[in-house]
Amino acid sequence: MTIMAFRLAALLGLLIGLAVSAEAQDISSADRTAIRDIIQSQVEAFRRDDGDAAFGYASPTIRGMFGSSEIFMDMVRQGYQPVYRPREFDFREIVTLDGQITQKVHVVGPDGRPVTAFYPMTQLPDGTWRINGCYLQAPEEHQA
Numbered sequence: 001m002t003i004m005a006f007r008l009a010a011l012l013g014l015l016i017g018l019a020v021s022a023e024a025q026d027i028s029s030a031d032r033t034a035i036r037d038i039i040q041s042q043v044e045a046f047r048r049d050d051g052d053a054a055f056g057y058a059s060p061t062i063r064g065m066f067g068s069s070e071i072f073m074d075m076v077r078q079g080y081q082p083v084y085r086p087r088e089f090d091f092r093e094i095v096t097l098d099g100q101i102t103q104k105v106h107v108v109g110p111d112g113r114p115v116t117a118f119y120p121m122t123q124l125p126d127g128t129w130r131i132n133g134c135y136l137q138a139p140e141e142h143q144a
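Letter by letter, the sequence shown follows residues 1 to 144 of the numbering used here.
Since the hints were derived computationally from the structure, they do not count as laboratory data. These numbers come from a predicted model, not from an experiment. Check each hint, because a few of them may be wrong.
Below, simulated EDC-like cross-link-like pairs (lysine to aspartate or glutamate); rule was C-alpha separation at most 20 angstroms, straight line [said to hold, decoys possible]: (1) Lys-104 to Asp-37; (2) Lys-104 to Asp-31; (3) Lys-104 to Asp-90; (4) Lys-104 to Glu-44; (5) Lys-104 to Asp-26; (6) Lys-104 to Glu-88; (7) Lys-104 to Glu-93.
Model the full structure from these sequences, guided by the hints.
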């Protein structure tokens, strides 16, 4: 298993453990805005292929896991096309998943398929927010 595959598997393993959503803890309007701004800024950095900027919005945990913006961007390009090149990107509610403040986003990827992106967030000691992962979930398919 390559280092990239190992890191991707480790990240996915962490995120798959997310529990069922519940209403977010009381967070301020300013924090809600800051969370959305950080995520939007990262998506804009992806669109410009600005790996250093995109990596800068990741939490210290994610930065430590990947080690460099190049490795991080390779992972995003390979496994996260919907957020790397979204056709649509619409913020939804903020929820608490497994005790973590998590922003839900409705995304339509470059292939036209919709997904829900879950962005667990972490607040740094200085009060700023960083992205602590991204978990993509396809919408439930209804059987006739």
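Against the structure, the hints:
{"no.": "1", "hint": "Lys-104 to Asp-37", "result": "holds, 13 angstroms"}
{"no.": "2", "hint": "Lys-104 to Asp-31", "result": "holds, 15 angstroms"}
{"no.": "3", "hint": "Lys-104 to Asp-90", "result": "holds, 9 angstroms"}
{"no.": "4", "hint": "Lys-104 to Glu-44", "result": "holds, 17 angstroms"}
{"no.": "5", "hint": "Lys-104 to Asp-26", "result": "holds, 16 angstroms"}
{"no.": "6", "hint": "Lys-104 to Glu-88", "result": "holds, 14 angstroms"}
{"no.": "7", "hint": "Lys-104 to Glu-93", "result": "holds, 6 angstroms"}
No hint from the list above goes unmet by this structure.
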